[in-house]
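Student: The chain contents come next:
There are 2 protein chains.
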Amino acid sequence: MLSIGIDGGGSTLRVGIFNENLECLHLHEIPETANPSSIGFAETEKRLRFSVLQTLDEAGVDFSSVRHVGAGMAGVAQNLDWLRNVLVSVLPQAEITVAPDYEIALIGAHGKRYGILVLSGTGSAACGINASGELAHSGGWGYLLGDEGSGYWLGLEMLKAVARAADGREKKTKLFVETLANLKISDPDELITWLYAPERNNRQIAKMASLVLSAASHGDSVANKIIESGADHLYQLYMSVVKRLNFADPPVMFAGGLLSSETPLRRLLMQKIGLN
Amino acid sequence: MLSIGIDGGGSTLRVGIFNENLECLHLHEIPETANPSSIGFAETEKRLRFSVLQTLDEAGVDFSSVRHVGAGMAGVAQNLDWLRNVLVSVLPQAEITVAPDYEIALIGAHGKRYGILVLSGTGSAACGINASGELAHSGGWGYLLGDEGSGYWLGLEMLKAVARAADGREKKTKLFVETLANLKISDPDELITWLYAPERNNRQIAKMASLVLSAASHGDSVANKIIESGADHLYQLYMSVVKRLNFADPPVMFAGGLLSSETPLRRLLMQKIGLN
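Protein chains in written order, with the UniProt record's numbering: chain V, 1 to 276; chain S, 1 to 276.
You may find that some hints are simply not true.
Because identical chains cannot be distinguished in the list, a pair is counted as satisfied if it fits within a single copy or across any two copies.
Said to hold, decoys possible - DMTMM-like, lysine to aspartate or glutamate: derived pairs with alpha carbons at most 25 Å apart: (1) K174 - E190; (2) K225 - E178; (3) K171 - D232; (4) K46 - D189; (5) K207 - D232; (6) K243 - E190; (7) K46 - E29; (8) K184 - D81; (9) K172 - D187; (10) K172 - E134; (11) K112 - D7; (12) K171 - E228; (13) K243 - D187; (14) K160 - E228; (15) K172 - D232; (16) K174 - D189; (17) K160 - D232; (18) K46 - E190; (19) K207 - E262; (20) K46 - E199; (21) K171 - D187; (22) K243 - E170; (23) K46 - D57; (24) K243 - D189; (25) K171 - E134; (26) K174 - D187.
In case anyone wonders, no lab produced these hints; they're calculated from the structure.
Excised from the complex, chain V in its bound form:
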């Protein structure tokens, strides 16, 4: 009796096959989003189907031996039924459990259904589950509506700062020079051609966050302002979850590329929360 676990984040889709002892027998990982807010429901369904079937094929597992499927995905909190239906159509004999990505990330980080999780990867969100089992989340509205403090947001704030500096509305610090060098452009006006190119995707913008983080570590004032604002937004997400769950002194974990390693963003956020 086998189980399949699916973790669909803003930048990576993982499908794993597990035995009865929950040992991973095979892991299939593709560096692509499966977030319907970014790529649409039709494309998400295609990627999901294809990845599940390919994982079974790679592992030499027949689909009839899969009894349980657990899937946590970004951008589906409002469309869990849709996700369930897609999975039912691929694995009709299995028991299907679906959840938003932040819920599985919280349980994964704390090892139980309890505590607070602040997430900053391609997108951003906070969520919590209190002692009564109540769940609340904040953020996760996608790249146009929110995702403040996420990799995408930091990358875009950096590009906005470059645009303002070109207009004479912001200081031209080292971050300005480094951004143009990184994009291999000489004139800030070319930012427009770069950013609105049809092939541009959110992941490429989110990857630029590393430039802001590194510049902030070296004391760049514009980068520091961006990181400070990002940490403040993440703290607001955290606080709104704490308040709504009446959570006193909750255990807090971090997830996502920008908080799971030692970054200036993580340091600042920990300070604000009072974790150091």
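We have chain V; now place chain S onto it with these hints.
Tutor: Just chain S, lined up with the frame of chain V:
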């Protein structure tokens, strides 16, 4: 001897045929953008070609009688050569003059190449031409990078406020209720489905600015905060142009749907500039 004038804004493409006295013989207007930052260069070229040929056809004018073409378009400031080449290929016998949309808007508003123009339509920008003929502009970076204080920006800020209110990070004022009613959704979570639908376009988001403007007129505190911030951003654009042109007491005109009529945004911006 005839001339063609082309005005491509964020939401409307106009092609006019003029006689030697610059009287408009025929005007072709389509409610679509021709901004390559929004729809790409290939699609812009297609729309432009088609509109010019259709205008000539409607007016019963043979293309060989067109001697001058003047085109001002959004999103082409960095790609004026591209625009010139497209027009040369359609009307090879004509003399072609190309300019960014804000430059023709400034000349149109002041009736001469002198003064400052602040523009807020689907996008936003400021530009100016001083007594020495120097031109400077600020803003106009498109919907992802800037356009603060524009219709698109106001509409999106409204949706962001609704998202924050759903998270408990913002007050639920009348604007919250009216936005959901306007979008015909009952749950704020459905905002995501609405906003990221493949058919959604910037013009539809920009049109929602009228809700914020009307709520602000009725004293809605969240709407007022958005309008105040938008006016402040437009003032920053204005100031950066004034400074770079060393402009003392410049004549100022407004353009675009959000500033060309009496709106709370226009009133606030005029106050900041000291025009009343």
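Student: Confirm or reject each hint.
Tutor: Status of each hint after checking the structure:
1. K174 - E190: within (18 Å within a copy, 41 Å between copies)
2. K225 - E178: For K225 and E178, only the intra-copy Cα distance (16 Å) is at most 25 Å; the inter-copy one is 34 Å.
3. K171 - D232: Close inside one copy (22 Å) and across copies (19 Å); limit 25 Å.
4. K46 - D189: between (37 Å within a copy, 24 Å between copies)
5. K207 - D232: For K207 and D232, only the intra-copy Cα distance (21 Å) is at most 25 Å; the inter-copy one is 31 Å.
6. K243 - E190: between (44 Å within a copy, 24 Å between copies)
7. K46 - E29: For K46 and E29, the Cα distance is within 25 Å only inside one copy (16 Å; across copies 40 Å).
8. K184 - D81: between (44 Å within a copy, 21 Å between copies)
9. K172 - D187: within (13 Å within a copy, 43 Å between copies)
10. K172 - E134: between (47 Å within a copy, 23 Å between copies)
11. K112 - D7: within (17 Å within a copy, 60 Å between copies)
12. K171 - E228: Both. Shortest intra-copy (17 Å) and inter-copy (24 Å) distances satisfy the 25 Å Cα cut-off.
13. K243 - D187: Classified as between; 21 Å across copies, 46 Å inside a copy.
14. K160 - E228: both (16 Å within a copy, 20 Å between copies)
15. K172 - D232: both (24 Å within a copy, 22 Å between copies)
16. K174 - D189: This pair counts as within: shortest intra-copy Cα distance 18 Å, inter-copy 40 Å.
17. K160 - D232: both (18 Å within a copy, 17 Å between copies)
18. K46 - E190: between (35 Å within a copy, 23 Å between copies)
19. K207 - E262: Within. Shortest intra-copy distance 16 Å satisfies the 25 Å Cα cut-off; inter-copy 43 Å does not.
20. K46 - E199: both (20 Å within a copy, 19 Å between copies)
21. K171 - D187: Within one copy only: 16 Å inside a chain, 42 Å across chains, cut-off 25 Å.
22. K243 - E170: between (36 Å within a copy, 13 Å between copies)
23. K46 - D57: within (16 Å within a copy, 45 Å between copies)
24. K243 - D189: For K243 and D189, only the inter-copy Cα distance (20 Å) is at most 25 Å; the intra-copy one is 44 Å.
25. K171 - E134: between (46 Å within a copy, 23 Å between copies)
26. K174 - D187: within (15 Å within a copy, 44 Å between copies)
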